[in-house]
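Colleague: Here the structure of chain A is known, so what remains is to put chain B in place on it, guided by the hints.
2 protein chains.
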Amino acid sequence: MAKPNLLMVVPAKWSALWASSLDAVNVLVHGRDSYAPENVDYVLSFRPPPGLLKSFPNLKAAFSLGAGVDGFLCDPEYPRRVPLVRFADKSLAVEMAQFVLMHVLIRHRCQRLFDEAQRKRQWRQMALPRRTEDTRIGLLGLGEIGSFTARRLMELGFALSAWSRSRKSLPGVRSFAGEAEFDAFLGQADILVCLLSLTRKTAGILNARTFAALPQGAFVINAARGGHLIEADLIAALASGRLSGAVLDVFENEPLAKASPLWNHPKITVTPHIAAVSQPAIAVQYVLDGIALFERGQRPENIVDVETAY
Amino acid sequence: MAKPNLLMVVPAKWSALWASSLDAVNVLVHGRDSYAPENVDYVLSFRPPPGLLKSFPNLKAAFSLGAGVDGFLCDPEYPRRVPLVRFADKSLAVEMAQFVLMHVLIRHRCQRLFDEAQRKRQWRQMALPRRTEDTRIGLLGLGEIGSFTARRLMELGFALSAWSRSRKSLPGVRSFAGEAEFDAFLGQADILVCLLSLTRKTAGILNARTFAALPQGAFVINAARGGHLIEADLIAALASGRLSGAVLDVFENEPLAKASPLWNHPKITVTPHIAAVSQPAIAVQYVLDGIALFERGQRPENIVDVETAY
Numbered sequence: 001m002a003k004p005n006l007l008m009v010v011p012a013k014w015s016a017l018w019a020s021s022l023d024a025v026n027v028l029v030h031g032r033d034s035y036a037p038e039n040v041d042y043v044l045s046f047r048p049p050p051g052l053l054k055s056f057p058n059l060k061a062a063f064s065l066g067a068g069v070d071g072f073l074c075d076p077e078y079p080r081r082v083p084l085v086r087f088a089d090k091s092l093a094v095e096m097a098q099f100v101l102m103h104v105l106i107r108h109r110c111q112r113l114f115d116e117a118q119r120k121r122q123w124r125q126m127a128l129p130r131r132t133e134d135t136r137i138g139l140l141g142l143g144e145i146g147s148f149t150a151r152r153l154m155e156l157g158f159a160l161s162a163w164s165r166s167r168k169s170l171p172g173v174r175s176f177a178g179e180a181e182f183d184a185f186l187g188q189a190d191i192l193v194c195l196l197s198l199t200r201k202t203a204g205i206l207n208a209r210t211f212a213a214l215p216q217g218a219f220v221i222n223a224a225r226g227g228h229l230i231e232a233d234l235i236a237a238l239a240s241g242r243l244s245g246a247v248l249d250v251f252e253n254e255p256l257a258k259a260s261p262l263w264n265h266p267k268i269t270v271t272p273h274i275a276a277v278s279q280p281a282i283a284v285q286y287v288l289d290g291i292a293l294f295e296r297g298q299r300p301e302n303i304v305d306v307e308t309a310y
Numbered sequence: 001m002a003k004p005n006l007l008m009v010v011p012a013k014w015s016a017l018w019a020s021s022l023d024a025v026n027v028l029v030h031g032r033d034s035y036a037p038e039n040v041d042y043v044l045s046f047r048p049p050p051g052l053l054k055s056f057p058n059l060k061a062a063f064s065l066g067a068g069v070d071g072f073l074c075d076p077e078y079p080r081r082v083p084l085v086r087f088a089d090k091s092l093a094v095e096m097a098q099f100v101l102m103h104v105l106i107r108h109r110c111q112r113l114f115d116e117a118q119r120k121r122q123w124r125q126m127a128l129p130r131r132t133e134d135t136r137i138g139l140l141g142l143g144e145i146g147s148f149t150a151r152r153l154m155e156l157g158f159a160l161s162a163w164s165r166s167r168k169s170l171p172g173v174r175s176f177a178g179e180a181e182f183d184a185f186l187g188q189a190d191i192l193v194c195l196l197s198l199t200r201k202t203a204g205i206l207n208a209r210t211f212a213a214l215p216q217g218a219f220v221i222n223a224a225r226g227g228h229l230i231e232a233d234l235i236a237a238l239a240s241g242r243l244s245g246a247v248l249d250v251f252e253n254e255p256l257a258k259a260s261p262l263w264n265h266p267k268i269t270v271t272p273h274i275a276a277v278s279q280p281a282i283a284v285q286y287v288l289d290g291i292a293l294f295e296r297g298q299r300p301e302n303i304v305d306v307e308t309a310y
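If you read the protein sequences in the order shown, they are chains A and B.
Sequential numbering from 1 applies to the first sequence in the numbering used here.
Sequential numbering from 1 applies to the second sequence in the numbering used here.
Same shape as in the complex, but just chain A:
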């Protein structure tokens, strides 16, 4: 039986992926190898060029290299008959939790203030401005990554709530669900952390109306997608004092342009989309396992509903 053909549509820095020796599949690299469209059995990518996938008549499945699949579903011609598989490795949840914990703690423990005091040789000893148990963290999204992150934050003494499409049950986390409960959720979130998938419904969810519903002086962390945030609304909310600060790991256009006002904003921390990075060795195994299942007529877990994007 012929080996299936796996087409990798990934940036050159992901060359570690196609350098792996893969006995079970033939690897084709988009932009490097020539191939006939009808020979493409599987695709692995973060964000294939719009229209590319519909040109493969025999495509059996598409694998996302990230936990989010918005890079596929933003293609209006994505072939809906093709199963789309999400990368949902534990390592991504661990890395995301690390990122969120670090920035929540830098904020909660006033580490930026101590950094500044150090530069000025000032011994600025003080108690925490807010006790941990009175610091309410609101997670947007409570899937695998959100749940893991929520547990780690609770163990450090924070008060947790989460908002999601459908009500979730996680001990210790106050659950809010759907549009009807969105404002009640926001009203008690001192630190708002966005971990949502990017869909038509969540695009632009971090906007002026949302910021106005948060407690005065709230803090925002976006580690999901740049498309969740209306940048101009964030800058206005920081200027008015409604928000006290933000951490942004993701942007509408990446890399963030040199001229962006976000870079030197004194209340914004910018990181270069590094909150959770897929590891090539783990990603390769996830694709091989998935292909093996499809070839046997079975289906892997984590197939995305192309209509709802979940």
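It cannot be assumed that every hint is accurate.
One copy or any two copies: either way a pair holds, since identical chains are not told apart in the list.
As the list claims (entries may be wrong) - Computed cross-link-like contacts, DSS-like style, restricted to lysine-lysine with a CA-CA straight-line distance of at most 25 Å:
no., residue 1, residue 2
1, K13, K90
2, K267, K120
3, K168, K90
In case anyone wonders, no lab produced these hints; they're calculated from the structure.
Modeller: Using the frame of chain A, we list chain B on its own:
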């Protein structure tokens, strides 16, 4: 029956303690109230002036306002017949774990590098230089605070080991014990975190010999006491590249002198002894509960062995 007299020997910034309305005891404030030495039944302090406690012939117990009792035991005339009680509230373990996690993550996730890249408007996207599971954290001390901190770090994927006087058993933590195993412990600690009590045996434990036994480029966090560290040895180890950086929350002399070379050292983060701060309301309750037990002829938990300081 007369109320017992509690003498508070604390800095003025702790005035919240003596402002509490305490029905069960008479509060005396050292330096504010006049009192007869024979009337002092209990003392609450971080660090009473040497020789003070021996002048109280009827002292029934001394309460430490911190988890460490070195501030009492550095008094060569501490009256050894007097029980010394340590403050061991869960809130201190939570705050210490927050501090250690934050600084481990800032180091592990290269946040200082991203801060610098942001100032330069550079999009410096990269994978973690070392995978989390290959990052070995060595804790000096595995008491209540150390154990709580170890569990939180393990849940974030780090490899944990600990060194303590006697062997401890904590699932997932490699335990090293006593002087015989000290070098083996150090040889595998990429990030060394000091949470020890300060005793005659642990004073100066963070010295040139210790740093030489760590892996090349190791990182050190001291959140215990300034007396654990030989500052000149740290500066030399950073200069030679043996150590790559350090976080110091505690110092031999506090506040840290304006002229100290630690303030502007590019590889050292200085914080003003804020890793874990006793909360007045909780501390007052701990003292009242302890006094109630002593008055009934019982003894509270967390009485320190004055000889070993544990």
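Colleague: Hints first: check each against the structure and report whether it holds.
Modeller: Verification of the supplied hints:
1. Proximity of K13 and K90 under a CA criterion of 25 Å is satisfied intra-copy only: 23 Å inside one chain copy versus 46 Å between copies.
2. Taking the closest pair of Cα atoms, K267 and K120 come within 25 Å of each other both inside a single copy (19 Å) and across two copies (16 Å).
3. Only within a single protomer do K168 and K90 lie at most 25 Å apart by alpha-carbon distance; the minimum there is 20 Å, versus 29 Å between protomers.
Checked against the numbered hints given earlier, this structure breaks none of them.
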